[in-house]
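> Given next are the chains, with one letter for each unit.
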Amino acid sequence: MLSTIAMILSAIVGLSLIYLLIRTIQGHPVERRIVFVYIGLAVVLPLLMNKTLPLPVTKDVRKLYDRLEQLQPGSKVLCAFDYDPPSAPELQPMAVAFLKYAFKKDFKIIIMGLWPQGPQQAQQAIEEAMLDPIIAGKNLVQGEDWVNLGFQSGNEFVIQSMGTEFKRMFPKDNRRIPYEDIPLLQNVVNFSNVDFVMNFSAGKPGTYEWVQFGVDRFGFELGAGNTAVQAPMMYPYLRAGQLKGLLGGMIGAAEFEKVLNEKGKASTFLLAQTFAHATVIIFIIIGNLAFFASRKKKTAGAR
Amino acid sequence: MRRQIPILITTIAGLVFAISYFIPHDPFGESESIFGDWITIVQAFAVWLGALNLLKISFEKISSKSADRHYAAIIIVSLIGTLAVGFYDGYSGMAQDPQVSFRDPGTNFDWLYRFIYTPLSATMFSMLAFFVASASYRAFRARNVQATLLLIAGFFVMGGRVPLFDMMISPITDFPVFSWFADWIMTYPNTAGQRAIMIGIALGIMSSSLRIILGIERSHIGGGSG
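Chains as they are written, first to last, in my numbering: chain S, 1 to 303; chain V, 304 to 529.
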C-alpha cells in the first residue's frame with residue numbers, strides 16, 4: 001500500500017518537474033527552496049517503495065570478489081575501518097556485506113581503525129552481520145574468530161609500525177585483553193601473517209595511506225571500499241594493481257551485495273540515489289534552459 | 304640553540320625515515336620505530352590540545368558575551384559530558400569480568416554514540432545533498448567550451464552511476480551507453496588526471512621534504528626559509 005502511494009507520488013513529482021521545465025522556458029526561473037523540496041522527495045519516496053533495480057556488476061567489484069573467492073577458510077583478513085557516521089550510509093552496507101561474506105567463508109577477521117569512530121562502526125557492522133541465521137549458527141567467538149583491536153592514533157605511522165609488529169601499535173584489544181593472550185593473534189606478528197587487507201575509507205588517513213605506506217612497502221594485498229567522492233582518486237592504484245578491487249560509493253556497495261547474493265541496505269538505498277541523481281540532472285537541464293533563455297533575452301534587449 | 308636543536312631533530316628524523324625505507328635493518332629500522340612511536344604519542348597529545356583549545360575558545364566566547372555564546376555553552380556541556388561518560392564507563396568496565404570497554408555495546412558511551420552522535424553527524428552530512436543539488440542547478444551552466452565538456456562528463460557519470468538511465472534507453476539499444484561512458488571517463492581521462500596530480504604532489508612533497516631535512520625551510524619552527 002505504502003509502496004503504491006510512493007510510486008503514485010513519484011509520478012506526480014515527475015510530472016511537476018516537466019511543468020517546472022515548461023515554466024522555466026517561459027521565463028520563470030525556479031527558486032532554491034523548490035530544488036530542496038524536490039531533492040527531499042526524491043530521497044524519501046523511493047525508501048518507501050521496497051523496489052530494487054537490475055544492476056550490472058562492474059569489473060572493479062568483480063575483481064575484488066574473485067580475489068576474495070581465492071582465499072581459503074581460516075584465512076586471516078585485516079579490516080581497517082577508517083570512517084565515521086557521516087560516511088556510514090555508503091560504507092556501512094559495504095562493511096556489513098563484507099563481514100557477512102567473510103564469516104560465512106570462515107575467514108578470521110582482525111579489526112582496527114585509524115579513525116577513532118572506526119572500531120565502533122565495525123562493532124555495529126558485526127552486530128548486524130551476526131543477525132544472519134547462517135552466521136548466528138556458527139557460534140563465532142570474539143578473540144577466536146574475530147578480534148577488534150580498536151583505534152590507534154598516528155595515521156600512516158601506525159601502518160608503518162604494524163609492518164614490524166602489530167603488537168607495537170595494539171598491545172591490547174578493545175576489551176583490554178593483551179595481544180599475546182588472544183588465540184586468533186597467536187601467529188600474527190605483522191603483515192606477512194595476514195592473507196588480505198580490506199580498507200573501508202572516507203578520507204585521510206585511509207586507502208591512500210594503506211597503499212603508499214603499506215602495499216608499496218610490505219607487499220600485502222589490499223582491497224578497498226571508498227565513498228563515491230574518494231573512489232575516483234583510487235583509479236591509478238587500481239590500474240597499477242596496487243588495489244585488488246574497489247567498491248565505490250553506494251553503487252559499489254549494491255554491486256557487492258548483488259555479487260554475494262545478499263539483499264542489503266545498499267540495494268534498497270540505491271533507488272533513492274537513482275531518483276536523486278535523476279532530479280539533479282533534470283534541475284541542471286532546467287538551469288541551463290533558464291541560462292540560455294536569459295542570455296537570449298539580453299541579446300534581444302541589446303539590439 | 305632554540306632553532307638549531309629543532310632543526311637537528313628534524314634532520315635526523317627525516318633522514319632516518321628516508322634511509323630506513325631502503326635499509327630496514329638496525330639501526331635505521333629500530334630508530335624508525337622509535338620515531339614512529341614518538342609521532343603517535345605527539346598526535347595523541349594533539350587531540351588533547353585540540354580539545355583544550357576548543358574549551359578555551361568556547362569559555363572566552365561565553366565570558367565576552369559573544370552572540371554565539373549559546374553554541375559555545377552547548378559545545379562545553381557536550382564535550383565534558385561525553386568525556387565524563389566515557390571515563391565512567393571505562394573505569395567501571397575495568398572492574399567487570401570479563402572487562403568491558405567504554406565503546407562496547409550496552410555502555411552509556413555507546414548509547415551516546417549511536418543515538419546522539421550518529422544521527423547528528425548524519426543530519427549534518429545529508430544536508431550536503433540539498434546544497435549540492437542547489438549549487439548544481441545554479442552553477443553547472445554551459446557558459447563556454449570547457450564548462451560544456453564538464454557538463455557532458457558530469458551528465459554521463461551521474462547517469463552511469465545509477466541503473467535508471469540505461470534502463471530508460473534499453474528499448475532503443477541493449478548497449479549500456481551511460482554506464483559504459485561513465486566507466487570510460489573514470490578509467491581513462493580521470494585516471495590520467497589523477498596520475499598527473501599525484502606525480503605533481505609527490506614531486507612537491509619530495510622537494511619540500513628535502514628543504515626541511517637540509518634546514519633550508521624553517522617556517523615550521525617559526526622562521527622564514529633560507
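The hints are simulated quantities; they were obtained by calculation from the structure and are not laboratory data. It is possible that some hints are incorrect.
Stated by the list, open to error - Simulated restraints on C-beta separations:
| no. | chain 1 | residue 1 | chain 2 | residue 2 | range |
| --- | --- | --- | --- | --- | --- |
| 1 | S | K263 | V | F428 | 24 to 32 Å |
| 2 | S | N193 | V | I502 | 29 to 37 Å |
| 3 | S | I22 | V | H373 | 43 to 51 Å |
| 4 | V | H373 | S | I134 | 49 to 57 Å |
| 5 | S | I134 | V | A456 | 27 to 35 Å |
| 6 | V | S367 | S | I8 | 29 to 37 Å |
| 7 | V | S429 | S | G219 | 23 to 31 Å |
| 8 | V | S429 | S | A300 | 14 to 22 Å |
| 9 | V | G496 | S | R32 | 28 to 36 Å |
| 10 | V | G503 | S | K263 | 38 to 46 Å |
| 11 | V | I360 | S | S294 | 39 to 47 Å |
| 12 | S | G74 | V | I502 | 19 to 27 Å |
From the three backbone atoms N, C-alpha and C, an ideal C-beta is built for every residue, glycine too.
> Each hint needs a verdict: does it hold in this structure or not?
Hint check results:
no., hint, in the structure
1, S:K263 / V:F428: 24 to 32 Å, "holds, 25 Å"
2, S:N193 / V:I502: 29 to 37 Å, "holds, 33 Å"
3, S:I22 / V:H373: 43 to 51 Å, "holds, 46 Å"
4, V:H373 / S:I134: 49 to 57 Å, "holds, 51 Å"
5, S:I134 / V:A456: 27 to 35 Å, "violated, 43 Å"
6, V:S367 / S:I8: 29 to 37 Å, "violated, 55 Å"
7, V:S429 / S:G219: 23 to 31 Å, "violated, 39 Å"
8, V:S429 / S:A300: 14 to 22 Å, "violated, 42 Å"
9, V:G496 / S:R32: 28 to 36 Å, "holds, 31 Å"
10, V:G503 / S:K263: 38 to 46 Å, "holds, 43 Å"
11, V:I360 / S:S294: 39 to 47 Å, "holds, 45 Å"
12, S:G74 / V:I502: 19 to 27 Å, "violated, 41 Å"
Of the numbered hints given earlier, the model fails hints 5, 6, 7, 8, 12; all others are met.
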